[in-house]
Amino acid sequence: MELRDHAVLGRELKDTFVVDVHTHIGSHNNYQRVGTDAEAIIHTMDRLGVDKILCSNSPGAYSDLRWGNEVAAKAHTKYPDRILALAVGSPHCPEIDWDDYFIRDDRFFGMKAVPFVQGQQPIWHEGLMPMYEYADKKGLAVLFHAWLDSETRDAIKVAKQFPNARFILGHAGYTAREAAVEACKQCDNVILETTFSAPIEGDLEWIVGKVGTDRVAYGSDLTAFECAHILGSILLSRLTDTEKEKILGLNAKAFFGL
Amino acid sequence: MKFLDARIQLGRSCMPHEGAPNTTEEILEVMQRCDIERAIASHAIAKESNMQAGNEALLALTGEGTPFLRQWYAMPSALGEFFSPEELFRQMKQHDVTSLRLMPKKCGHPIRPYVLGKLMAAAADCHVPVFMNLHEDIAPDELYDLCKYYPDVDLVICRVDYRQNRVIGPVLEQCPNLYIGTSIYVVHSGLKLLSDHGYTDRLIFESGLPNGSATAAVSLIRYAEISEEEKELIAHGNMERLLSNVRL
Numbered sequence: 000m001e002l003r004d005h006a007v008l009g010r011e012l013k014d015t016f017v018v019d020v021h022t023h024i025g026s027h028n029n030y031q032r033v034g035t036d037a038e039a040i041i042h043t044m045d046r047l048g049v050d051k052i053l054c055s056n057s058p059g060a061y062s063d064l065r066w067g068n069e070v071a072a073k074a075h076t077k078y079p080d081r082i083l084a085l086a087v088g089s090p091h092c093p094e095i096d097w098d099d100y101f102i103r104d105d106r107f108f109g110m111k112a113v114p115f116v117q118g119q120q121p122i123w124h125e126g127l128m129p130m131y132e133y134a135d136k137k138g139l140a141v142l143f144h145a146w147l148d149s150e151t152r153d154a155i156k157v158a159k160q161f162p163n164a165r166f167i168l169g170h171a172g173y174t175a176r177e178a179a180v181e182a183c184k185q186c187d188n189v190i191l192e193t194t195f196s197a198p199i200e201g202d203l204e205w206i207v208g209k210v211g212t213d214r215v216a217y218g219s220d221l222t223a224f225e226c227a228h229i230l231g232s233i234l235l236s237r238l239t240d241t242e243k244e245k246i247l248g249l250n251a252k253a254f255f256g257l
Numbered sequence: 000m001k002f003l004d005a006r007i008q009l010g011r012s013c014m015p016h017e018g019a020p021n022t023t024e025e026i027l028e029v030m031q032r033c034d035i036e037r038a039i040a041s042h043a044i045a046k047e048s049n050m051q052a053g054n055e056a057l058l059a060l061t062g063e064g065t066p067f068l069r070q071w072y073a074m075p076s077a078l079g080e081f082f083s084p085e086e087l088f089r090q091m092k093q094h095d096v097t098s099l100r101l102m103p104k105k106c107g108h109p110i111r112p113y114v115l116g117k118l119m120a121a122a123a124d125c126h127v128p129v130f131m132n133l134h135e136d137i138a139p140d141e142l143y144d145l146c147k148y149y150p151d152v153d154l155v156i157c158r159v160d161y162r163q164n165r166v167i168g169p170v171l172e173q174c175p176n177l178y179i180g181t182s183i184y185v186v187h188s189g190l191k192l193l194s195d196h197g198y199t200d201r202l203i204f205e206s207g208l209p210n211g212s213a214t215a216a217v218s219l220i221r222y223a224e225i226s227e228e229e230k231e232l233i234a235h236g237n238m239e240r241l242l243s244n245v246r247l
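So the sequence lines, in the order shown, correspond to chains A and B.
All letters in the first sequence, in the order written, are residues 0 to 257 by numbering that gives the first Met the number 0.
All letters in the second sequence, in the order written, are residues 0 to 247 by numbering that gives the first Met the number 0.
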């Protein structure tokens with residue numbers, strides 16, 4: 000059975016290691032989100048054959064970070080092999096003691112920075128530097144919301160300044176795809192993530208053609224979005240099964256040492 | 000599972016997207032890869048610049064011997080710049096054009112009956128479904144009025160995005176003539192949610208090729224947590240039912 004056959008039949012992937020590097024737990028006022036608790040997420044992962052997810056709390060990013068991060072941490076505690084929690088930072092909270100998350104608390108895997116929803120602040124922001132410095136010191140993963148060209152350009156500056164941290168550029172390869180290509184050329188510590196709510200046919204093949212198969216990792220933005228459309232678009236793409244396996248999980252495994 | 004795609008565009012766009020399937024041959028390759036057997040097609044020229052020229056150009060690319068069903072763009076014509084409704088539907092019958100697409104925003108006309116009434120009355124008489132894209136052609140808060148102004152017209156609204164449940168929920172409930180295109184309806188478990196609320200027969204598969212993703216759009220349906228029968232309705236059955244009602 001080829002990988003595409005799973006998508007044709009709507010069946011879960013069984014013998015393929017799949018990591019979704021961009022997911023969210025928790026509901027938000029801004030639009031109706033469905034199935035946002037840990038159980039619903041695990042149910043979806045099982046239905047599609049997703050082994051692990053990197054997961055941050057969505058509403059907490061917009062308001063109380065500690066409250067939101069605790070939601071993600073509790074999900075990890077409940078499903079330690081499946082849900083890897085990301086602690087969300089903020090340019091408005093430079094005083095965060097990251098030891099609270101990564102020394103005195105062992106439930107977090109990495110970090111998430113989405114300053115765009117925190118007053119439309121840039122990724123290159125003085126208030127986020129302590130977070131990046133900590134990630135650099137510990138070699139942590141940091142997921143960026145890199146939808147805009149300016150966000151992606153900022154992410155390049157951060158990745159160059161903090162070479163020991165490992166950065167995921169969320170939503171890369173769509174609206175800011177030229178900048179995403181540039182990020183891969185300039186920074187070995189960057190990987191591109193695949194999610195888009197309104198993808199265009201051929202975009203995956205285009206970005207893989209530009210940056211190589213090793214620099215792209217599956218992400219879905221679950222539960223802000225469905226996750227099947229991006230998973231299926233990878234499985235039904237013109238890439239080979241070897242390339243698909245890398246994007247679906249092997250690249251994340253190597254990049255994050257999973 | 001085979002698909003009837005309710006929205007594709009043929010013809011060269013003024014802004015072809017690098018990497019996308021920008022020729023008919025490339026679109027056919029994607030359709031084959033996604034098990035899309037047939038597709039309702041309109042023409043880029045009709046959308047981007049000149050309706051009549053684009054509608055005419057569509058004829059050469061579609062119809063018998065192709066997998067494409069014809070869709071024309073239309074606009075109201077009080078002062079004679081476009082076909083009268085009578086002439087439009089006569090030509091549609093002649094050329095086997097079975098659906099229409101409107102662009103109120105782009106063409107700068109309101110959706111209210113004093114402008115669209117005659118055209119919509121003719122569509123209702125012939126049971127011709129009328130398509131629009133959300134946001135691009137009509138705002139979410141216009142949907143309810145559109146459906147109420149024209150209760151006898153089957154309205155297929157494409158490109159309904161993940162942020163619209165609080166609009167489409169009430170409109171689906173109160174307006175039986177609203178149909179939702181699924182191409183970018185990427186609400187987590189969204190198709191199951193709408194099916195659980197009894198709206199399976201109001202969902203229409205559309206990809207938006209070449210400016211959308213067919214591989215993503217078919218996967219939303221194939222992986223949905225709904226029955227195979229419900230998937231078949233969304234993939235092709237609902238659109239086939241609407242087209243079977245057309246009487247030109």
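The set of hints was computed from the structure by calculation and includes no laboratory data.
None of the values given here were measured: they were computed from a predicted structure.
One should not assume that every hint holds.
Below, computed lysine-lysine pairings styled on DSS-like, alpha-carbon distance capped at 27 Å [said to hold, decoys possible]:
id, chain 1, residue 1, chain 2, residue 2
1, B, 117, A, 77
2, A, 137, A, 73
3, A, 184, A, 156
4, B, 147, A, 13
5, B, 147, B, 117
6, A, 73, A, 252
7, A, 13, B, 117
8, A, 136, A, 156
9, A, 137, A, 13
Cross-check of the supplied hints:
1. Only pairs whose Cα atoms come within 27 Å are accepted, and residue 117 of chain B paired with residue 77 of chain A is rejected, the gap being roughly 61 Å.
2. Between residue 137 of chain A and residue 73 of chain A, the direct Cα distance comes to roughly 22 Å. Compliance with the 27 Å bound is thereby established for this hinted pair.
3. As the CA atoms of residue 184 of chain A and residue 156 of chain A are separated by approximately 13 Å, the hinted pair is consistent with the 27 Å bound.
4. Taking the CA atoms of residue 147 of chain B and residue 13 of chain A, the gap is near 48 Å; set against the 27 Å cutoff, the hint is violated.
5. Note on residue 147 of chain B and residue 117 of chain B: the hinted pairing holds, with a Cα-Cα distance of about 15 Å set against a maximum of 27 Å.
6. Proximity of residue 73 of chain A to residue 252 of chain A is assessed by CA-CA distance (about 23 Å); at most 27 Å being required, the pair is judged to hold.
7. At roughly 56 Å between alpha-carbon atoms, residue 13 of chain A and residue 117 of chain B are farther apart than 27 Å, so this suggested pair is violated.
8. For the hint linking residue 136 of chain A to residue 156 of chain A, the alpha-carbon distance of about 17 Å falls within 27 Å, and the restraint holds.
9. Between the alpha carbons of residue 137 of chain A and residue 13 of chain A the distance comes to roughly 33 Å, so the proposed pair goes past 27 Å and is violated.
When each numbered hint is compared with the structure, violations occur for hints 1, 4, 7 and 9.
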